[in-house]
Amino acid sequence: MKKIVTTLLVAGALSVTLSAKNWVVNQKGKTFIPSKLTVHVGDTITFDNSDPFAHNAYTDDEANEFDVGMQPTGKETHMKIKSKESFNVECAIHPNMLLEVTVE
Amino acid sequence: MIIKLGLSALLISSTLFATSDMSKWIRPNEVPQPKDNKLTKDRIELGKLLYFDKRLSASDKISCATCHAPKRGWTDLVPVSKAVGAGRGPRNSPTVLNTAYLRRLFWDGRAKSLEQQALGPIEADVEMNMPLEVLIPKLQKIQGYVKLFNKAYPNEGGINNKTLAKAIASFERTVLSTTAPFDKYAMGDTKAISKKAAKGYKVFIGKAHCADCHDKFNFTDGSFHNIGLKDGDLQGKDLGRYNLKRRAAWYGVFKTPTLRDVTKSGPYFHDGSVKTLTEAATICASGGRYKNGVKNKSTYIEDRHLTQTEISQIVAFMKTLTGPDMKLKIPTKFPQ
Ligand SMILES: [Cu+2]
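From first to last, the protein sequence lines are chains W and Z.
Going by numbering that gives the first Met the number 0, the first sequence opens with residue 0, and the numbers climb by one from there.
Going by numbering that gives the first Met the number 0, the second sequence opens with residue 0, and the numbers climb by one from there.
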């Protein structure tokens, strides 16, 4: 019985690790593409920038707070989903840019 | 309610259609309105009365229109505004024109709607200096206003902070630019602007990179930048959006203003430090007033190596963004 539980635990841990996904969000035409994402805790988001000028993705949501800083054309930045709370990502330069992240 | 944009504007949005590369300059079909404050005639008319009513200030001498005057490009044409008493506000009075399209208000973007914005200057000691806990009872004693508020906002508790803000915001949403020569040009009338201005347009969207920020119908993308107006760091000076939150990207940044009717609304920039469009365009397209050592200067501000001719072409183009004043009957009688 103990062995089975251990195996299940290991399998459970593995499946979490295996299912952690990386989502790619591009910043193009001063919009986040896509503009909505559904993710899980442990997933990561990669921000690309295809615009000929800089962006600066961030959220003020406390549980998943991040600020990638100034991101020039072509550079890649990342953030990790730390908490099961949905949040909005904005651009510090362009407040009209909005990415809605639902954490499941 | 659909706002009448005037015959020429209607013509532009429905009868004709723009060539694809020009389409982004065309007026959106609808004026954005919040769900809980849709435009109605009663709300707009009430808001207009409040906007022009000097009794909204502590001195009974200042209205919204004092610093945002329709005949002065919806601003006041001075670097920074005179306040109640002797003080002066720290920033240039921004135009009310086309604020309906903005998602951040004030130079530092601290308000997310016109409703949030409207009450700020009424209470600010350097502006109308009128605490709402004094103003609301004052307005509640004016029977004419009690009636108008109940009609415009039935079941919303009569005259209160919220309905006051909503009414003023409703009027402000109707302060819209009219059809300017460039709008006709964008619709295919190649003779609507001079050859010089047409060259200026090409420089504006191309070599000078103006449209990186002064983008779309309202000639602003709502972005925030530090354009290097001040030397070095800003100790003891206006920190702009950084005052809201100590975010590195917000150090000394201010809102990109509209260029609609820009010839009517000088002097320019958040501190009103620039008198002419030539100087403004030169600063933006040459890497800022101060080229080096400016903390957090926007990477959008670079020396674009423009010639004097190109600057004057851009200025000629910007002048084509001015249309006739909107039709407006300024109230002379106020509720008693
Ligand atoms: Cu951006």
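Keep in mind the hints are simulated off the structure, nothing from the lab.
On a predicted model such as this, the values are computed, not experimentally measured, just so you know.
Beta carbons are placed, not taken as given, at the ideal position from N, Cα and C, and that holds for glycine.
Just to be clear, a hint being listed does not mean it is correct.
Computed footprint of chain W on chain Z, listed as stretches where at least three residues anywhere in the stretch have a Cβ under 8 angstroms from a Cβ of chain W [as the list claims (entries may be wrong)]:
hint, segment
1, 166–175
2, 218–224
3, 319–328
Taking lysine to aspartate or glutamate and the DMTMM-like style, the derived pairs with C-alpha atoms no more than 25 angstroms apart in a straight line are [what the hints assert, rightly or not]:
hint, chain 1, residue 1, chain 2, residue 2
4, W, Lys74, Z, Asp237
5, Z, Lys244, W, Glu103
6, W, Lys81, Z, Asp237
7, Z, Lys290, Z, Asp237
8, Z, Lys206, Z, Glu301
9, Z, Lys190, Z, Glu155
10, W, Lys29, Z, Asp324
Hint check:
With a threshold of 8 angstroms between beta carbons, the proposed coverage of the segment 166–175 of chain Z by chain W is violated, since 0 of its residues qualify and at least three are required. By the rule of at least three residues with a Cβ nearer than 8 angstroms to a Cβ of chain W, the coverage given for the segment 218–224 of chain Z holds, with 5 such residues. Closer than 8 angstroms: that is the beta-carbon criterion, and the segment 319–328 of chain Z has 0 residues meeting it against chain W, so the requirement of 3 is violated. For the proposed pair lysine 74(W) and aspartate 237(Z), the alpha carbon gap of about 31 angstroms is over 25 angstroms, so the pair is violated.
Simply put, lysine 244(Z) and glutamate 103(W) have alpha-carbon atoms about 29 angstroms apart, too far for the 25 angstroms limit, and the pair is violated. The straight-line distance between the Cα atoms of lysine 81(W) and aspartate 237(Z) is roughly 36 angstroms, outside the 25 angstroms bound, and the hint therefore fails. Proximity of lysine 290(Z) to aspartate 237(Z) is assessed by CA-CA distance (about 19 angstroms); at most 25 angstroms being required, the pair is judged to hold. Between the alpha carbons of lysine 206(Z) and glutamate 301(Z) the distance comes to roughly 11 angstroms, so the proposed pair stays at or under 25 angstroms and holds.
Restraint check for lysine 190(Z) and glutamate 155(Z): the C-alpha separation of about 51 angstroms exceeds 25 angstroms, so the hint is violated. A distance of roughly 31 angstroms separates the Cα atoms of lysine 29(W) and aspartate 324(Z); the hinted pair therefore is violated under the 25 angstroms criterion.
Violation of the numbered hints given earlier is confined to hints 1, 3, 4, 5, 6, 9 and 10; the remaining hints are satisfied by the structure.
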